[in-house]
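2 protein chains.
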Amino acid sequence: MKLLIIGSGAAGSTAAQFARKTNRQAEITVLGNEHYSEYSKCGLPYVIGGIIPSFDDLIEFPPSWFQHFKINLKLENEVYDIDPEGKIVKSISLKDAEKEEHQYDALIVATGANSWIPEIKGAFLDEGRLKEGIFTLRTMDDAKQILKRVERGKRAMIVGSGSIGMEMAEALSRRGMKTYVRLRTHMLTGMIDEDMAAIVQRRVEEHGMHFIPRVTVSEISGEGRVEYVVLSNLDTEEETEYPADLVIISAGSKARVEVAEKAKCRIGSTGGIVVDKRCETSVKDIYAAGDCTEYPDFVTGKPSLIGLGSIGVKQGRVAGINAVGGKEEMPRGVLNNRTTELFGLEISAVGPTMKELKRAGIEPIVGKFSGSTLPSYFPGKKAISVKVMAHPEDGKIIAAQIVGEEEVHQRINVFATAILRGMTLEEFMQLETCYAPPAAPTLDCMTLATDAALMRWRRR
Amino acid sequence: MKLLIIGSGAAGSTAAQFARKTNRQAEITVLGNEHYSEYSKCGLPYVIGGIIPSFDDLIEFPPSWFQHFKINLKLENEVYDIDPEGKIVKSISLKDAEKEEHQYDALIVATGANSWIPEIKGAFLDEGRLKEGIFTLRTMDDAKQILKRVERGKRAMIVGSGSIGMEMAEALSRRGMKTYVRLRTHMLTGMIDEDMAAIVQRRVEEHGMHFIPRVTVSEISGEGRVEYVVLSNLDTEEETEYPADLVIISAGSKARVEVAEKAKCRIGSTGGIVVDKRCETSVKDIYAAGDCTEYPDFVTGKPSLIGLGSIGVKQGRVAGINAVGGKEEMPRGVLNNRTTELFGLEISAVGPTMKELKRAGIEPIVGKFSGSTLPSYFPGKKAISVKVMAHPEDGKIIAAQIVGEEEVHQRINVFATAILRGMTLEEFMQLETCYAPPAAPTLDCMTLATDAALMRWRRR
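These protein sequence lines map, in sequence, to chains H and C.
Counting along the first sequence from 1, when you hit position 164 you're at 164 in our numbering, and nothing is skipped either side.
Counting along the second sequence from 1, when you hit position 72 you're at 72 in our numbering, and nothing is skipped either side.
The hints are simulated quantities; they were obtained by calculation from the structure and are not laboratory data.
Note that the coordinates shown come from a computational prediction; the quantities given were computed from them, not determined experimentally.
Where hints are given, some of them may not hold.
Identical copies go unnamed one by one, so any copy, or any two together, can satisfy a pair.
Only pairs whose alpha carbons sit at most 20 Å apart, straight line, appear in this in silico SDA-like list of lysine to any residue [to be verified]: (1) Lys90 <-> Gly380; (2) Lys154 <-> Thr29; (3) Lys95 <-> Glu85; (4) Lys327 <-> Asp451; (5) Lys254 <-> Ser115; (6) Lys396 <-> Gln430.
Based on the provided sequences and hints, a complete structural model is requested.
Structural data, given as structure tokens:
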């Protein structure tokens, strides 16, 4: 059987990996439209920031890996059409414009996403390209262009304070740029609530980063290249000009679905390809995985545009296995288990934010606890804050957010497991957490935050 | 109502804490038989090793804490009798031998455990006391005595390679003693299997500790004080004399149940007090918590003697809440979620070891994965090894062991949650784990170990 995969990113390459594990005979071809073999997009800010020495380090599946597993990798090929009846994919080489047709038995669409750029006056040159000095970060080429512009002592403005925006802010700041972040409400709004973001903001400010609160970008001025960013206050509408040498626009993403649309795959309300538990689209034998797809949120049931590499590879695995005759399913929804680090502070969250819960009509029971990662008497203990949210009707845990100096990431995985398995606050209190003085306290901060929520739930 | 608690350790004091939270009117009295207010027993090796500066640091609930919460704390009082019909506890002061009777409505027995000392020729003086230079570690006074004997350059022999034995071995080694550990099979047998222990042994040996494999202690010689430990090879029965200035016997513990026996509480096959989900004993209104109790193992259903502070405080909480009229339950069994650190290497386990599983007639499906805590391209990533075990009949996860340089402890909590909620290997594969380059890989080592087990399970 012939499996064709469009996209050589994390989702596409993982699909190829697990398809091969499942079926040693299948003929597998991966078409990528970039020059590079599979690399970590999430690693790009860390090369820009100088933590990872070289862009080449980010290559996770080099061409030799594909060769070893007898997977046919064709880079710098853009797919421009799909014929779902004839099961043919048409591609064009970006090197020599040569066209090619690929027959498939099963197809996996893993075309990823593009950066979404809001309408900002003065951001574009006449030709529709971004003005010199304005960047988005999506590909390795984007990152290489940004790194060329980085200069110690100069000013950078980050438009967008999500995790990529904040990771870029840290990276530029580490390279000695004076870095400003414009905030509408609080940072990392898609990840954590205002109270948790306040802890993070304090840390980031201690490292010399500047936040400009309650503003939106009304204009980027400068002849040919960026010179000033004009910010407009959301309350007073007062405008202020900030000089800037480099602007990073990190305002979200847009699923790349043109090719899937040509195959008549159903596109959902978020703009992503609709897939089922098996990662199959509305068109038989066409699967999709990664940032080009949408999937229901586990808690609210509302469609959620996939934007996490961790989900992309899970979908890639499921799509790859099913596409070649195996059997594997995604859970009924995505937990959006997400994490980042800013100046050594660990920030993790799972499930919807308070705002998203309220939008879905859920007024959660909240428990909070701030303590330390080790028993109070143990040297080197670090501060940690935990927030847990439960459904007011059944007491089931539906979301959690943790900010702390260490041991945050894996604690969010504990809550993710609890949410996936429908654990109530009461049931979570029965969980034995591990304890040893150099490891964790007898009653973990997760337990104590849950106890606070449980007491509220019982009094409701 | 009058609540009386026998024992001012972690279980007893936590019982008092949650009883007070639940019932602000209750008259609560805690009787302790030591000189000190509640302190961390698990912290003792870290004072001996010089990591924690002073024994006083280990006090977690000082007398002022009891005062603040209007809990009557009576230290240096030994309970010598209980009249369960009349609901009276009789105690004697260890300071002035004054006797006292205490009326109760509810009683919590949290008398802990003593060190168990095997029959070793020459270990005891005529009076039944241990020979000078031989110690067990259970109380703060034990630890203070040991610390007095510690001397750089001298030789220490550890009899018992469980977590306390190994933590003491590290402590003495840090203080500059030449430290030997006698092994029967492998170290940490109650915690991890031989393959995982091999990883730990390599690390510990790198730090200058010596293991003497396949031996048992046949004699401790010396006039009045220890001079030599005679070790006998388990295979050849050949005996070898090792000079020793200090011997730590850490061979397990024995529940302190004399008082509970007087109240006619049922004692189980492990020698611990039998309690139900509410932590009530076989005698109405008498509860028990901590190291003096036994409880079924979650996986095998066999009675398990409690020996973990984390379980003790969980039981303390449940006993305290129920004893004063609240409602709280333990799960159907204990997971024995346990952890330690040796020379910076983190070691965690949950559920029965292979040996315990086989003894219970379960031949588990095993998956193993050795990788790193961060993506391969991220600087500072550390080695980590994961072993996961599933029940051969239903594929449910029943045990896990992890050894690594970082982020081990909280990962074991993820598996603990999975076991508690009856998650199968297939369901665990659906778990979204958090991902960011400085935090964790897209496919976590837990996921990849589970995938290995799942592939075996499907082929079974």
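Hint by hint, here is what the structure shows:
1. Lys90 <-> Gly380: neither (59 Å within a copy, 43 Å between copies)
2. Lys154 <-> Thr29: For Lys154 and Thr29, the Cα distance exceeds 20 Å both inside one copy (45 Å) and across copies (66 Å).
3. Lys95 <-> Glu85: Classified as neither: same-chain Cα gap 29 Å, cross-chain 92 Å, threshold 20 Å.
4. Lys327 <-> Asp451: Only across copies: Lys327 and Asp451 sit 14 Å apart there, 40 Å inside one copy, limit 20 Å.
5. Lys254 <-> Ser115: within (6 Å within a copy, 64 Å between copies)
6. Lys396 <-> Gln430: Both: 14 Å inside a chain and 19 Å across chains, each within 20 Å.
Of the numbered hints given earlier, the model fails hints 1, 2 and 3; all others are met.
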